[in-house]
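K.L.:
Sequence:
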Amino acid sequence: MLTLTFPDGAARQFPDGVSGLEIAKGISPSLAKRTVAMALDGVLADLADPILRDARIEFVSREDPRALILIRHDAAHVLAEAVQSLWPGTQVTIGPVIENGFYYDFARNQPFTPDDFPAIEKRMREIIARDAPFTKEIWSRDKTQSFFRDKGEMYKVELIDAIPAGEDVKIYRQGEWLDLCRGPHMTSTGKVGQAFRLLKVAGAYWRGDSNNPMLTRIYGTAFATQEDLDAYLKQLEEAERRDHRRLGREMNLFHFQEEGPGVVFWHAKGWTLFRELTSYMRRRLAADYDEVNAPQILDKALWETSGHWDWYRENMFVTQTEDERVFAIKPMNCPGHVQIFKHGLKSYRDLPLRMAEFGSVSRYEPSGALHGLMRVRAFTQDDAHVFCTEEQLADECLKINELILSTYADFGFDRIVVKLSTRPDKRVGSDEMWDHAEEVMGRVLEQIEAQSQGRIRTAINPGEGAFYGPKFEYVLRDAIGRDWQCGTTQVDFNLPERFGAFYIDASGQKRTPVMVHRAICGSMERFIGILTEHFAGHFPLWLAPLQIVVATITQDGDEYARAVAKAAARAGLRAELDLRNEKITYKVREHSLAKVPVLLVVGKKEAAEGTVSIRRLGSTEQRSMALSEAIALLRDEAEPPDLKRARGEAAEDEGGGLDSSHVEIDGHHVVAGTAG
RNA sequence: GCCGGCUUAGCUCAGCUGGUAGAGCACCUGAUUUGUAAUCAGGGGGUCGGGGGUUCGAAUCCCUCAGCCGGCACCA
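Using our numbering, the first residue of the first sequence is number 2, and each one after it goes up by one.
Just so you know, the hints here were simulated from the structure itself, not pulled from any lab data.
One or more hints might be untrue.
[Said to hold, decoys possible] As a list, the in silico DSS-like pairs of lysine-lysine whose alpha-carbon atoms are at most 30 Å apart:
id: 1; residue 1: Lys26; residue 2: Lys137
id: 2; residue 1: Lys511; residue 2: Lys567
id: 3; residue 1: Lys171; residue 2: Lys137
id: 4; residue 1: Lys235; residue 2: Lys26
id: 5; residue 1: Lys400; residue 2: Lys343
id: 6; residue 1: Lys567; residue 2: Lys584
id: 7; residue 1: Lys123; residue 2: Lys201
Please read these numbers as outputs of a predicted model, since none were measured by experiment.
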């Protein structure tokens with residue numbers, strides 16, 4: 002006998018080997034009917050599995066959030082059956098559940114196209130309607146092996162090869178069709194339901210290795226309800242609407258063209274945004290960092306010393322001069338910074354020495370990797386290198402952590418995950434060095450989590466470290482729930498040694514400093530892409546490339562409009578005039594589409610009264626107020642967050658204190674997507 | 001780099017099985033002087049991504065190169 006504990010706390014005895022299904026039936030036929038799987042001590046299992054030990058048991062319905070992965074996994078099996086029945090001879094490989102759905106990889110000479118989707122979906126619906134039960138069979142490895150070999154399923158054979166000899170494997174059957182699978186599954190194909198959709202086809206390497214043949218992958222998604230599916234499809238549309246490439250064109254921020262694949266042509270508005278962001282970062286660094294600028298082109302020898310030549314030669318832009326010297330256009334700032342460190346004898350008193358650069362780097366990225374601003378071949382890193390002693394290392398990492406987190410908070414990113422990436426297979430440096438570095442960073446990671454009061458989550462990324470050392474990766478989540486890795490802190494015990502960098506310690510001995518590489522935005526270009534999508538182009542006033550348009554009703558208002566624009570400019574606001582002979586509705590529409598945050602409409606009435614009519618982007622409301630009042634409010638709102646904070650602190654020091662209630666006028670900036 | 005798709009006016013897109021290009025918006029000109037998301041009329045604009053081939057004839061079919069899009073692989 003064994004004891005099972007139910008969700009209500011009741012414990013009951015059952016014979017060994019009783020199945021979940023038997024228990025559910027015993028409780029009520031309706032429970033058995035609506036249950037698709039069970040969870041034993043929180044772990045999902047087939048409902049028909051015999052239970053062999055004491056456990057906490059839960060019956061999982063289709064609507065249970067935990068059933069979602071089962072629905073998707075079952076849908077993948079249904080997809081595979083549908084494809085094989087439509088195109089016999091297609092080999093099946095693997096079909097896992099992924100974050101927002103599932104995929105299945107097929108081997109077929111002729112790849113699928115989205116045109117095949119209607120036929121496949123139709124067949125899937127038939128299989129689901131047939132509602133065959135998922136039944137599990139345990140086969141011997143050898144039997145499975147020969148079964149799939151006879152069917153010509155060579156990829157499955159390879160999968161089985163990886164299973165230790167003598168071990169049994171699980172087969173899931175759904176009517177005629179069956180697949181090698183770990184499970185678990187729901188009780189029958191009918192439980193998949195109708196809320197699924199095939200989304201796209203793509204090539205994918207077998208086992209994720211580019212040396213292997215390429216398979217055809219079909220992506221799909223499935224949800225418990227049609228409403229959930231519709232909501233997801235709507236979110237995809239929303240992401241498309243926010244696409245920075247589209248907004249970049251519509252808002253006249255930047256462009257790309259054929260002659261420069263992967264390099265940005267920044268237009269005036271986009272460059273304003275870029276400069277505003279860079280200015281903000283410079284202010285954040287001013288107190289602790291020295292900003293430097295290392296050369297763009299350096300002799301190959303330097304890259305050989307750093308190790309980049311061995312690792313990344315094929316990804317570097319290289320140029321040879323008339324005298325046959327070979328130079329690389331810098332893909333990284335660190336070797337340059339080490340040269341600056343080495344110039345002149347350094348004392349332990351100089352440490353920690355924090356060297357920052359908004360370094361323009363160039364990398365010959367694979368053509369298929371290029372993607373708008375998100376992946377380019379020439380970009381600007383908000384890079385820095387901290388040269389410090391072993392003893393200072395942990396504190397420096399924590400200090401950087403604070404800088405990174407507070408920066409993200411200024412852009413409204415508050416859901417952050419910090420991941421520690423550990424030693425990769427291909428690396429430099431001794432195991433002792435890696436042991437030590439990972440130990441220090443593991444401690445720091447714990448501290449980061451502890452001092453965040455639960456706001457920051459942490460994780461480990463095994464094997465994902467840089468070739469010279471472990472790293473922290475900062476992943477932020479945007480307004481529509483997508484994750485972006487931006488910041489990074491990398492501990493490096495290698496480079497300083499390779500370059501022979503040293504400082505003189507307190508006892509007069511030469512010592513090699515530890516070097517910490519760190520970036521916050523990462524790539525300024527990419528960060529602007531992320532911000533564009535995060536804000537859906539509705540940048541907060543301080544970042545908006547064009548903050549104000551002063552628009553007239555008729556020509557009678559021209560003179561006053563000029564005075565308004567001048568007042569705005571005097572207040573440091575970026576304003577333009579729209580004096581065109583057009584209806585105000587036309588101007589409103591145009592500037593709204595261009596996502597101008599503030600529209601100041603001036604007509605006869607405003608000119609007479611010395612007021613402006615304010616219309617904020619995203620709102621149809623208008624508010625009239627005195628020009629001076631409007632300018633003061635806008636100037637306050639347009640003050641970058643760090644300066645506002647500094648002003649608050651200064652006021653506090655003087656004992657006065659600043660009214661912490663944020664000044665707002667109607668239609669104040671909100672992150673689209675989070676607003677009601 | 002790999003697989004698939006795409007490339008027609010500044011933008012978004014039509015153009016059937018080959019018979020030498022079209023719309024809306026934008027732009028220019030004129031009229032209109034307008035009160036919060038498109039005023040009306042007229043006009044200009046494309047060697048259909050580049051190169052090559054098939055054909056009497058190519059935006060359309062084939063080859064090739066480039067770029068872009070979706071993935072995969074890569075991302076110091």
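K.L.:
Under the constraints set out in the numbered hints, which ones does this structure not fulfil?
P.N.:
Violated hints (numbers, rising): 2 and 4; every other hint is consistent with the structure.
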